[in-house]
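Modelling step: build the complete structure from the supplied sequences, incorporating the hints.
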Amino acid sequence: MTQRTKIDARGAFCPGPLMELIAALKLIEIGDEVEVWSSDKGSANEIPEWVAKVGHEMGGTEECDGYWSLVVKKAK
Amino acid sequence: MENNSLFILLCSCEHEKVQMAAMIASVAAVSERPVTVFVSMGAVSVFENGLDPAERYRGQAFSNIMKEKKAPDAMELFAQGKMLGDLKMYVCSMALDVMGWDESNLIADLFEGPMGLTRFLDEAEKGQIVTL
Chain S
232 MTQRTKIDAR GAFCPGPLME LIAALKLIEI GDEVEVWSSD KGSANEIPEW
282 VAKVGHEMGG TEECDGYWSL VVKKAK
Chain A
123 MENNSLFILL CSCEHEKVQM AAMIASVAAV SERPVTVFVS MGAVSVFENG
173 LDPAERYRGQ AFSNIMKEKK APDAMELFAQ GKMLGDLKMY VCSMALDVMG
223 WDESNLIADL FEGPMGLTRF LDEAEKGQIV TL
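Chains as they are written, first to last, in my numbering: chain S, 232 to 307; chain A, 123 to 254.
Watch out, some of these pointers could steer you wrong.
Stated by the list, open to error - No more than 25 Å apart at the CA atoms, straight line, and that leaves these computed lysine-lysine pairs for DSS-like: (1) S:307 x S:284; (2) S:305 x S:272; (3) S:237 x S:305; (4) S:284 x S:305; (5) A:139 x A:248; (6) S:272 x S:257; (7) S:257 x S:307; (8) S:304 x S:284; (9) S:237 x A:191; (10) A:210 x S:257; (11) A:191 x A:248; (12) S:272 x S:237; (13) A:189 x S:272; (14) S:304 x S:257; (15) S:237 x A:139; (16) S:272 x A:191; (17) A:189 x A:248; (18) S:305 x S:257; (19) S:272 x A:210; (20) S:237 x S:307; (21) A:210 x S:307; (22) A:189 x A:139; (23) A:248 x S:284; (24) A:210 x S:284; (25) S:284 x S:272; (26) S:237 x S:304; (27) A:248 x A:192; (28) S:257 x S:237; (29) S:272 x A:248; (30) S:284 x S:237.
Don't read these hints as lab results, they were simulated from the structure. As the structure is a prediction and not an experimental result, all values here were calculated from the model.
What follows is the structure, encoded as structure tokens:
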């Protein structure tokens, strides 16, 4: 069963949310997910770009009330 | 295979440039690029151990905005780049000599050690240099 770790990075500016995501990815198993909440619009664009570059998978991006929720699946 | 190493030459003590160096270094390092940061000239003073952020970071208007909005701390970004990616930091031997400092004057656990220009330029031939 896929495990999901949640990171509330609201209030942090770029590249803070990205760094918190990466630290969390280091701790989980391949196939598990991290859900990051970010109020920083730049990070909402930056995170999918980083995911594509290094080879993980985006599980989805959702715009919520004042923040974005991004799900990243660890692929390697 | 093309070499994607990144070399950052940081000479400025201005907060804005130190912050930019930290952001470039940390994001590149976690994006699977080997990064080397060479700190020289006035930038060395920014890395003095024991300073609080108000003393460490001095700049122009954007510096004030970053402090007000609590932008990520540059020293923490460098440390995260080292922990999460391939980032190595060196301090210029000439700058240390001119300041009468040794490594004990610098923030602990950030620098691999001193380096001279000859070695830095030799290694940087392999990749891309960014100067701040």
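Status of the hints after comparison with the structure:
1. S:307 x S:284: Status holds; Cα separation ~13 Å.
2. S:305 x S:272: Roughly 22 Å between the alpha carbons, so the hint for residue 305 (chain S) and residue 272 (chain S) holds.
3. S:237 x S:305: holds, 14 Å
4. S:284 x S:305: holds, 13 Å
5. A:139 x A:248: holds, 24 Å
6. S:272 x S:257: Distance ~24 Å between residue 272 (chain S) and residue 257 (chain S) Cα, so the pair holds.
7. S:257 x S:307: Distance ~10 Å between residue 257 (chain S) and residue 307 (chain S) Cα, so the pair holds.
8. S:304 x S:284: It holds: about 14 Å lies between the C-alpha atoms, which stays within 25 Å.
9. S:237 x A:191: holds, 24 Å
10. A:210 x S:257: Measuring from Cα to Cα gives roughly 20 Å; hence the hint holds.
11. A:191 x A:248: This hinted pair is violated, its Cα atoms lying about 38 Å apart.
12. S:272 x S:237: holds, 18 Å
13. A:189 x S:272: Given pair residue 189 (chain A), residue 272 (chain S) holds - Cα atoms ~19 Å apart, limit 25 Å.
14. S:304 x S:257: holds, 12 Å
15. S:237 x A:139: Distance of about 33 Å is beyond 25 Å: violated.
16. S:272 x A:191: This hinted pair holds, its Cα atoms lying about 15 Å apart.
17. A:189 x A:248: Violated. Residue 189 (chain A) to residue 248 (chain A) sits at ~36 Å, over the 25 Å cutoff.
18. S:305 x S:257: holds, 9 Å
19. S:272 x A:210: The given pair, whose Cα atoms are some 30 Å apart, is violated under the 25 Å limit.
20. S:237 x S:307: holds, 19 Å
21. A:210 x S:307: holds, 24 Å
22. A:189 x A:139: Holds. Residue 189 (chain A) to residue 139 (chain A) sits at ~14 Å (cutoff 25 Å).
23. A:248 x S:284: Within the cut-off at roughly 22 Å; holds.
24. A:210 x S:284: Answer holds: residue 210 (chain A) to residue 284 (chain S) is near 21 Å, not above 25 Å.
25. S:284 x S:272: It holds: about 19 Å lies between the C-alpha atoms, which stays within 25 Å.
26. S:237 x S:304: holds, 12 Å
27. A:248 x A:192: Violated, at roughly 36 Å.
28. S:257 x S:237: Given pair residue 257 (chain S), residue 237 (chain S) holds - Cα atoms ~14 Å apart, limit 25 Å.
29. S:272 x A:248: violated, 35 Å
30. S:284 x S:237: OK: residue 284 (chain S) and residue 237 (chain S) at ~22 Å, within 25 Å.
Violated hints, in rising order: 11, 15, 17, 19, 27, 29; the structure is consistent with all others.
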